[in-house]
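S.K.: Chains C and B, in that order, give the protein sequences.
Those letters in the first sequence? Residues 0 to 140, by numbering that gives the first Met the number 0.
Those letters in the second sequence? Residues 0 to 212, by numbering that gives the first Met the number 0.
Hints may be right or wrong, so weigh each one.
Label-pair ranges, simulated between beta-carbon atoms [claimed, not checked]:
no.: 1; chain 1: B; residue 1: Met-41; chain 2: C; residue 2: Lys-22; range: 31 to 37 angstroms
no.: 2; chain 1: C; residue 1: Asp-92; chain 2: B; residue 2: Glu-119; range: 41 to 47 angstroms
no.: 3; chain 1: B; residue 1: Pro-12; chain 2: C; residue 2: Asn-12; range: 40 to 46 angstroms
no.: 4; chain 1: B; residue 1: Ile-52; chain 2: C; residue 2: Thr-123; range: 42 to 48 angstroms
no.: 5; chain 1: B; residue 1: Leu-205; chain 2: C; residue 2: Gly-57; range: 33 to 39 angstroms
no.: 6; chain 1: C; residue 1: Trp-53; chain 2: B; residue 2: Gly-104; range: 31 to 37 angstroms
no.: 7; chain 1: C; residue 1: Arg-130; chain 2: B; residue 2: Arg-11; range: 15 to 21 angstroms
no.: 8; chain 1: B; residue 1: Val-133; chain 2: C; residue 2: Met-110; range: 37 to 43 angstroms
no.: 9; chain 1: B; residue 1: Lys-191; chain 2: C; residue 2: Met-110; range: 51 to 57 angstroms
no.: 10; chain 1: B; residue 1: Leu-102; chain 2: C; residue 2: Ser-122; range: 24 to 30 angstroms
Listed next, the stretches of chain B that the computed footprint assigns to chain C, with coverage defined by at least 3 CB atoms under 8 angstroms from CB atoms of chain C [as the list claims (entries may be wrong)]:
no.: 11; region: 53-62
no.: 12; region: 105-118
Keep in mind the hints are simulated off the structure, nothing from the lab.
These figures come from a predicted structure and were not determined experimentally.
Even for Gly, the Cβ is constructed at its ideal location relative to N, Cα and C.
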Amino acid sequence: MSSTLLFVIVGRNEPLYEAEFHKRGGAGASSDAATRQNYFVLHSALDLVEKAAWATSGMYLKVVDKVNNQHVSTFLTAGNVKLLLLHNGRSEDSIRHFFQDVYELYVKLSMNPFYRYDTPIKSTDFDTRVRAIARRYLLQS
Amino acid sequence: MNRSPLVNILDRPLGKGGATRSTTTTDQSVSLSSFAYLYSEMVQYHQNRVDSISELERRLEATGYSVGLRVLELLAYRAREYKRETRLMNILQFVSTTVWKSLFGKAADSLERSIDHADEFMIVDYAPITSTFVSVPSDFGGLSVDAYLSGIIAGILEGAGFPARVTAHSVSLEEGETPSSISSVVVLPPRKEKTVFLVKFAPTVLTRDNAMG
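Next up, chain C with everything else stripped away, as it sits in the complex (with noise of 0.2 angstroms):
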């Protein structure tokens, strides 16, 4: 249960993005329940990473909050976008260049002129590279 990842981009009002990353070779996808808890602890942060947010000038917030096992992990953007996972205890590192990759990846989405802010995001080309970027830093162990 604890080997998926939940990632998902939060802007103003809704969730723009959400993914799931498994790892090699493990269980298919978790089961239900278990991907409703894991929406409803990312989602119940959410409270946490606004107070933790007007504390520090730094993007990164690294975790905000720790349900049993699993960790919660913000990385703001300048526009106040926040990027969440769901992780069970990543190496700080990893997860810090996940974000930075997937930060680089959401500045140039947010050049496109038909991208509106704070919409969700649909592009499958980004769906992609947040995978690639995830088996890159996230699933290696």
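Start from chain C and add chain B according to the hints.
M.R.: Frame of chain C, contents of chain B only:
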């Protein structure tokens, strides 16, 4: 099917913004005349579709708003420091120096705080490029085409979490104020007015900033 190689936008590099100009990379700046033409066309486009002056100003602001959001993300990324602004003075400094330098090649001419209202700030530019080549007829009652720029500023501030209302005002130059001349290539009669961007923050911003000490 033979297509020219289209590079996906997600693969393109974002560049360093012209701060480091090597001979191999192409210059990222655009000629002033092409911008002026494009901008004048945009103003005419909106003018044909609105009924009132304030609506025109609002449309220009809306156009600038989405530019502002993108400028914020791009410049913060290019700075490579992975830092965001959380304090009011810092975000205003960011706008009047970093943003202005990257958009217009020079920092804004001044950043002032209003004496009467604690939540009002003014960014002054002596020669904004949007109104350099535009003359507003007198029956347009105070329209400032720099509304586009105030939209950009508003987009940046709101994106960073400091919602504000930004308006552009043309103020005649006071005695003794001489704007530094723009490049010698452009020969224009000296301007009689400077543009002041009045930034009025929402009350929540002030309370939060004061609470942060």
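S.K.: Hints first: check each against the structure and report whether it holds.
M.R.: Hints, one by one, checked against the model:
A hinted range of 31 to 37 angstroms is violated for the C-beta pair Met-41 (chain B) and Lys-22 (chain C), which are about 51 angstroms apart. A C-beta distance of roughly 44 angstroms is found between Asp-92 (chain C) and Glu-119 (chain B), which places it inside the suggested range of 41 to 47 angstroms. Between Pro-12 (chain B) and Asn-12 (chain C) the CB atoms are about 32 angstroms apart, so this pair departs from the stated range of 40 to 46 angstroms. A C-beta distance of roughly 44 angstroms is found between Ile-52 (chain B) and Thr-123 (chain C), which places it inside the suggested range of 42 to 48 angstroms.
For the hinted restraint 33 to 39 angstroms between Leu-205 (chain B) and Gly-57 (chain C), the CB-CB distance of approximately 24 angstroms leaves it violated. Under the hint 31 to 37 angstroms, the C-beta atoms of Trp-53 (chain C) and Gly-104 (chain B), about 33 angstroms apart, fit the expected range. Remark: the range hint 15 to 21 angstroms for Arg-130 (chain C) to Arg-11 (chain B) is upheld by a beta-carbon distance near 20 angstroms. Our hint of 37 to 43 angstroms for Val-133 (chain B) and Met-110 (chain C) is violated, since their Cβ atoms are close to 27 angstroms apart.
A hinted range of 51 to 57 angstroms for the beta carbons of Lys-191 (chain B) and Met-110 (chain C) is inconsistent with their spacing of about 37 angstroms. As the Cβ distance of Leu-102 (chain B) to Ser-122 (chain C) is approximately 27 angstroms, the hint placing it in 24 to 30 angstroms holds. Beta-carbon proximity to chain C at under 8 angstroms applies to 0 residues in the region 53-62 of chain B; the threshold of 3 is not reached and the given coverage is violated. Residue count for the region 105-118 of chain B with a Cβ under 8 angstroms from a Cβ of chain C: 0. That is fewer than the three needed, and the coverage hint is violated.
Comparing the model with each numbered hint stated earlier shows that hints 1, 3, 5, 8, 9, 11 and 12 do not hold.
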